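Novice: So the sequences go chain by chain: A and B. So for the first sequence, the working numbering puts the first residue at -16; every next one is plus one. So for the second sequence, the working numbering puts the first residue at 175; every next one is plus one.
Read the hints as simulated data drawn from the structure, not as lab findings. Bear in mind the structure is a predicted one, so any value in this text is a computation, not a measurement. Misleading hints may appear alongside valid ones.
[Claimed, not checked] Taking lysine-lysine pairs in the DSS-like style, the calculated list, with each CA pair at most 27 Å apart, reads:
1. K269/B - K355/B
2. K147/A - K178/B
3. K178/B - K154/A
4. K179/B - K436/B
5. K132/A - K330/B
6. K269/B - K135/A
7. K67/A - K189/A
8. K209/B - K135/A
9. K209/B - K189/A
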Amino acid sequence: MSKRSSWALPYFIFLVLFVVMPLVLIVVYSFQDASGHFTFSNITKFFMDKDSLSTFALSIEVAIENTALCILIGYPAAYILADKSLNRSAVTVVLFIMPMWVNALMRTLATAELFNMAGITLGKGTLLFGMCYDYLPFMIYPIYNVLNKMDKSYAEAAEDLGAKPLEVFTKVTLPLSMPGVASGILMVFMPTVSTFAISEFLTNNKIKLFGTIIQENINNSMWNYGAALSLIMLIIIAITTVLQGKDNSEAAAGGAI
Amino acid sequence: MSAKKIFAKAYIWILLIVLYSPIVFIAVCSFTEAKSLGNWTGFSLNLYKSLFTGGMQNSNALLSAVYNTLLIALIASIVATILGTIAAIGIFNLKGRKKQAIQFLNNIPMINPDIITGVSLFLLFVFLHISQGYLTVILAHITFCTPYVVLNVLPKLSQMNPNVYEAALDLGATPFQALRKVMIPALRPGMISGFILSFTMSLDDFAVTFFTRGTIGLDTLSTFIYTDARKGGLTPELRPLMTIIFLIILAVLLFINIRSSKNTQESK
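Generate coordinates for the entire structure from the input sequences, incorporating the hints supplied.
Specialist: See below:
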């Protein structure tokens, strides 16, 4: 039995090379100037640069709003899908996930075009709508997964003990489904901060999000500043992950399709 | 039907209509010749014709982008499935700190947004002086796909009776035979769902490919669409292409789900 633990070794080496090393390189490049000398200037540049800071603030704001919107719209949908008395077909669940198989950029361009045709000016409103449209399945699916696996006898017990339907929901179902909401947040919040193409298309380049300025710097060979911006994002990811505490990735990955 | 049920059904259907409207919009617009998306110049099948006969300006570029997308997704998900399954067997047999450490590392690519994965791998390839192209894109895709295979195979290992493998060895099977005839069949459902997840994520990836494809002009469908849209005006043939892709996915998914729901009903 003990010998088979060595089977993890190739993957461990792979992870060190393609996950750990690249992240270390982000840190290294962040503290170097173009000629490879140690410097803090990339970091200070970010905090001195009004444009970067306001882009950053806007990205966080849009991400919070988008995540909230996805929970508000996605939770009831997940709840209905998981409730056997309201929805009995697994096909409906698949219908919610299926748009993800169609190229996201193409869908986003079509959404933007629909806005144009309806005479709606592209801007923050369309950005939020389009983002929510792109990320909603990522919120619905983990919540649905948790609700679906939840032991129904808890809710029934609460009912038997005299709880009103609303109380059953707020005191039993909702707290038990929080791991699903948490992994939904994880799958919506950071990706929203970091998208670049989607925000460009949905606002006709009027609104830049943080991902766009990272991409612009890397593509214009300003790797060090690009790395420093990525580092700032990495720190936020670390904070949100720690705040989340427990590892919820299993709720998200469990029982694919 | 109770009012609650009507309300629930309406909510689901309204959401679905909104979710599908852009896709339906693309499909409708694939039946007209107009250059830009959203114009209607009468019904025509010409876009389908020119997609298949290569009559458009950059047909080679579009078709090779489709080919690259499929090839990269296929190679990356096959490698990820093999690597991830072997890794899962190893991780399952690890204990304590070592197990926690590798599971922590395994979670990183899933938590990281695409752009961080893309930029960090870009820096790695620059640092190691590896010229970017097919190989780097495939390596990058393996990096973000394998964790999902590991997570899908691990539960199957814990559901498996460990004695069965030992019994096979006691009865004279070589470790390889025991792996092939006992382990793999038990792990197969996890491997398949890991493979499907990997394949679809690779197909849909944009950001990681964008940063690791280098400057040799390698395009997948996503980067093709991005470049095309930034130049202004999408290649009209993308519309029939997307419609066909969507119909294929719809058919495959409905087939799988109807079959599997029949299976579960029968087993009950």
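Novice: Where does the structure disagree with the numbered hints, that is, which hint numbers, in rising order?
Specialist: 6, 7 and 8
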